[in-house]
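Protein chains in written order, with the numbering used here: chain A, 1 to 140; chain B, 1 to 140; chain C, 1 to 140; chain D, 1 to 140; chain E, 1 to 140; chain F, 1 to 140.
You may find that some hints are simply not true.
Note that identical chains are pooled: a pair holds if it fits in a single copy or bridges any two copies.
Computed list of lysine-lysine pairs in BS3-like fashion (alpha-carbon distance at most 27 Å, straight line) [as the list claims (entries may be wrong)]:
| no. | residue 1 | residue 2 |
| --- | --- | --- |
| 1 | K110 | K95 |
| 2 | K115 | K40 |
| 3 | K95 | K56 |
| 4 | K36 | K71 |
| 5 | K115 | K56 |
| 6 | K40 | K68 |
| 7 | K68 | K36 |
| 8 | K56 | K68 |
Just so you know, the hints here were simulated from the structure itself, not pulled from any lab data.
Each chain, letter by letter, is given below.
Number of protein chains: 6
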Amino acid sequence: MSTNQVLLTRRAEFSASHYYYVEGWTPEENRRVFGKCANKQGHGHNYMLEVTVTGKVDQMTGFVVDLKALKEILENEVVSVYDHRHLNLEVPEFKTMMPTTENIAVAIWKRLEGKISGATLQRVRVYEMQDLFADYYGEL
Amino acid sequence: MSTNQVLLTRRAEFSASHYYYVEGWTPEENRRVFGKCANKQGHGHNYMLEVTVTGKVDQMTGFVVDLKALKEILENEVVSVYDHRHLNLEVPEFKTMMPTTENIAVAIWKRLEGKISGATLQRVRVYEMQDLFADYYGEL
Amino acid sequence: MSTNQVLLTRRAEFSASHYYYVEGWTPEENRRVFGKCANKQGHGHNYMLEVTVTGKVDQMTGFVVDLKALKEILENEVVSVYDHRHLNLEVPEFKTMMPTTENIAVAIWKRLEGKISGATLQRVRVYEMQDLFADYYGEL
Amino acid sequence: MSTNQVLLTRRAEFSASHYYYVEGWTPEENRRVFGKCANKQGHGHNYMLEVTVTGKVDQMTGFVVDLKALKEILENEVVSVYDHRHLNLEVPEFKTMMPTTENIAVAIWKRLEGKISGATLQRVRVYEMQDLFADYYGEL
Amino acid sequence: MSTNQVLLTRRAEFSASHYYYVEGWTPEENRRVFGKCANKQGHGHNYMLEVTVTGKVDQMTGFVVDLKALKEILENEVVSVYDHRHLNLEVPEFKTMMPTTENIAVAIWKRLEGKISGATLQRVRVYEMQDLFADYYGEL
Amino acid sequence: MSTNQVLLTRRAEFSASHYYYVEGWTPEENRRVFGKCANKQGHGHNYMLEVTVTGKVDQMTGFVVDLKALKEILENEVVSVYDHRHLNLEVPEFKTMMPTTENIAVAIWKRLEGKISGATLQRVRVYEMQDLFADYYGEL
Numbered sequence: 001m002s003t004n005q006v007l008l009t010r011r012a013e014f015s016a017s018h019y020y021y022v023e024g025w026t027p028e029e030n031r032r033v034f035g036k037c038a039n040k041q042g043h044g045h046n047y048m049l050e051v052t053v054t055g056k057v058d059q060m061t062g063f064v065v066d067l068k069a070l071k072e073i074l075e076n077e078v079v080s081v082y083d084h085r086h087l088n089l090e091v092p093e094f095k096t097m098m099p100t101t102e103n104i105a106v107a108i109w110k111r112l113e114g115k116i117s118g119a120t121l122q123r124v125r126v127y128e129m130q131d132l133f134a135d136y137y138g139e140l
Numbered sequence: 001m002s003t004n005q006v007l008l009t010r011r012a013e014f015s016a017s018h019y020y021y022v023e024g025w026t027p028e029e030n031r032r033v034f035g036k037c038a039n040k041q042g043h044g045h046n047y048m049l050e051v052t053v054t055g056k057v058d059q060m061t062g063f064v065v066d067l068k069a070l071k072e073i074l075e076n077e078v079v080s081v082y083d084h085r086h087l088n089l090e091v092p093e094f095k096t097m098m099p100t101t102e103n104i105a106v107a108i109w110k111r112l113e114g115k116i117s118g119a120t121l122q123r124v125r126v127y128e129m130q131d132l133f134a135d136y137y138g139e140l
Numbered sequence: 001m002s003t004n005q006v007l008l009t010r011r012a013e014f015s016a017s018h019y020y021y022v023e024g025w026t027p028e029e030n031r032r033v034f035g036k037c038a039n040k041q042g043h044g045h046n047y048m049l050e051v052t053v054t055g056k057v058d059q060m061t062g063f064v065v066d067l068k069a070l071k072e073i074l075e076n077e078v079v080s081v082y083d084h085r086h087l088n089l090e091v092p093e094f095k096t097m098m099p100t101t102e103n104i105a106v107a108i109w110k111r112l113e114g115k116i117s118g119a120t121l122q123r124v125r126v127y128e129m130q131d132l133f134a135d136y137y138g139e140l
Numbered sequence: 001m002s003t004n005q006v007l008l009t010r011r012a013e014f015s016a017s018h019y020y021y022v023e024g025w026t027p028e029e030n031r032r033v034f035g036k037c038a039n040k041q042g043h044g045h046n047y048m049l050e051v052t053v054t055g056k057v058d059q060m061t062g063f064v065v066d067l068k069a070l071k072e073i074l075e076n077e078v079v080s081v082y083d084h085r086h087l088n089l090e091v092p093e094f095k096t097m098m099p100t101t102e103n104i105a106v107a108i109w110k111r112l113e114g115k116i117s118g119a120t121l122q123r124v125r126v127y128e129m130q131d132l133f134a135d136y137y138g139e140l
Numbered sequence: 001m002s003t004n005q006v007l008l009t010r011r012a013e014f015s016a017s018h019y020y021y022v023e024g025w026t027p028e029e030n031r032r033v034f035g036k037c038a039n040k041q042g043h044g045h046n047y048m049l050e051v052t053v054t055g056k057v058d059q060m061t062g063f064v065v066d067l068k069a070l071k072e073i074l075e076n077e078v079v080s081v082y083d084h085r086h087l088n089l090e091v092p093e094f095k096t097m098m099p100t101t102e103n104i105a106v107a108i109w110k111r112l113e114g115k116i117s118g119a120t121l122q123r124v125r126v127y128e129m130q131d132l133f134a135d136y137y138g139e140l
Numbered sequence: 001m002s003t004n005q006v007l008l009t010r011r012a013e014f015s016a017s018h019y020y021y022v023e024g025w026t027p028e029e030n031r032r033v034f035g036k037c038a039n040k041q042g043h044g045h046n047y048m049l050e051v052t053v054t055g056k057v058d059q060m061t062g063f064v065v066d067l068k069a070l071k072e073i074l075e076n077e078v079v080s081v082y083d084h085r086h087l088n089l090e091v092p093e094f095k096t097m098m099p100t101t102e103n104i105a106v107a108i109w110k111r112l113e114g115k116i117s118g119a120t121l122q123r124v125r126v127y128e129m130q131d132l133f134a135d136y137y138g139e140l
């Protein structure tokens, strides 16, 4: 059964602040496009991250990927950088890019790509809240 | 990062009544095929809808789609028509089509198709309850 | 450890239709008080029920109450009567009493009271949806 | 059945930023007591609020409280003030009081007390996340 | 509307024990690779299973698949065999294959393949817990 | 505001195996009383624990209890002893007492009582699964 391709997904969480604001626009334009999110004092969310990898199931261990290693990568590459942080002010990639759910999914993909040995990153899903989430599958 | 294709999903809810009954069948046949759902007094559910769109992330705003516009479309095209309604008796498309989870997903797709400017409808998922849901990706 | 008083709660679910309408009122009054719930075609919910009993833990079995018996009572006294039914039209107690979340909790209490041998009914909680629920502790 | 005392609970949500920091302490002391929460750039959460009221069920309507009125009070007194805000910097009561889950529960109680006509405020529960919540029952 | 291809998903649950241990390895190697899961006394989970089938919506019934039949197949082929069992010791396929989430998904696929008349098995998802799940789409 | 009494609840999880079997009974009696749970190979659950403490809110920190200390106590006194264990075979208190949800709640109370400095243990809630949970408030 070693040749089966299986997808494995692991969740992680982080709590962070953000706001949406384009410096080149007037406050009114920002308010019109971003609504309450344009408040530069910031607001925050309990983000939920789902990382999916795909690979062949190892015949001996039954694993597609070493779960402890995967957990450690998520912790080191994402959670330790984003958790209890202000995304706009403290996370490098969001100094030049709006920390929307879409962009956070892309940014997490870039942080994880090539770091998970033995399996292929397939999807990054980010929930800003239960009612809103973004999926990124890499450049197609 | 403007060229990244990202999927964005937004949830909405509506509470509605329905029943399953084929007029050309005997009550016994209806009972055999539809079980308790054949009760023509109707019963109801808290339906949960997930609408997924796909598109390129706008370089300035970081959005695939204007979230306020998307929310408004879901409200106007679906929630205001289905919520607190009897699907069989009050929603036009279910006068000639059984309001199963499958058909509700198809019907919501038809209601939304072409209405979401700047992004492409990718999937409609409808949960009748946590244990049962249908996905429709449009005509393939 | 036989003398410990422990509370045990079990969940059950039922899907039903209802509407809110006072016959002695005008349609406008009903609409003003009950909003969309006044639509007499009805609408529905996936109700969730939590029944809590209290009692001493049996020294031999470790149970406060026989779980299979409790499940059977919930099935016979509540779920089989309410599930896939129109509460206003098909359930006797709601012919003279509005099927609000509050009244459903009280009605379920009356259906269960005295039926659970060896333990005491402590609370009935009914969720109409995740965002709205009622608790009844019996007449105090 | 008009004399039954029933508890009714309604949920609401708000997303906000906060940090924990005692100005009279050194950064090291703050870090030791508050850990990552001491980061003054702030971080945030999707807070979930459950407000419970108690009262007699109205014989005519079947309600303990007017749900539309209750929803409006939660919106006006809490959500519109806390949602998409930085609690420490933008909400008056948290300028002199740490915005911990405990204190937020107490503060929401004070905002709601005496505002819900016809029913009695019984409990305010605030979830900072699913794993952590505080309950306040008023001064006993 | 009979020609629409829709995916339908149904959930089921089972509670089971398992452990991870390669007999040819030393206890130290097992501990290093499998961590706490190497404890041969076993531990357990509330597994959640999601089975997705795809097919055309029947013009008359509105169904992709007979839901009662699907539920019965899940019960007979999976739940009755896995529920309240020790997977390593009591379920045949796990005597020669590690009962990891990945392998359980593959094993359930094999149990269901060809059994669901009128629809095509599309995906088997198994949650070991909310934070970890595996998807299998069959041999590609 | 230092004199407000607030309840704080924290969740923790553990995955464990168990079975229900009275040695002095015949296999048939065990099967009749405990059903599938009488299988001595064992089965398992993802248990969820909610521990509630009550106390006055500290005027300076805004806390009822030091959250890091509370988390550590739950980890040391409960999770490290129960997680990935077979309750009947590896946890001392369940060698002479059935590991039912009721008894697990009582046992966790005894493990935590007197260990949480500065606050009073108020309730231990244990979920065996979402549909079944037990509450213990100590000896009354």
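To see whether the hints hold, each was checked on the structure:
1. For a Cα distance limit of 27 Å, the shortest separation of K110 from K95 inside one copy, 16 Å, qualifies, whereas the shortest one across copies, 39 Å, does not.
2. Neither within a single protomer nor between protomers do K115 and K40 lie at most 27 Å apart by alpha-carbon distance, with minima of 34 Å and 31 Å respectively.
3. For the homomeric pair K95 and K56, the shortest alpha-carbon distance between copies (20 Å) is at most 27 Å, but the shortest distance inside one copy (38 Å) is not.
4. Taking the shortest Cα distances, K36 and K71 sit within 27 Å of each other only across copies (15 Å), while inside one copy they are farther apart (34 Å).
5. Proximity of K115 and K56 under a CA criterion of 27 Å is satisfied in both settings, with 17 Å inside one chain copy and 25 Å between copies.
6. In the homo-oligomer, the alpha carbons of K40 and K68 lie at most 27 Å apart only across protomers (19 Å), although the nearest pairing inside one protomer, at 38 Å, exceeds that limit.
7. Only between protomers do K68 and K36 lie at most 27 Å apart by alpha-carbon distance; the minimum there is 11 Å, versus 39 Å within a single protomer.
8. In the homo-oligomer, the alpha carbons of K56 and K68 lie at most 27 Å apart inside one protomer (17 Å), although the nearest pairing across protomers, at 34 Å, exceeds that limit.
Going down the numbered hints, you'll see the structure goes against just number 2.
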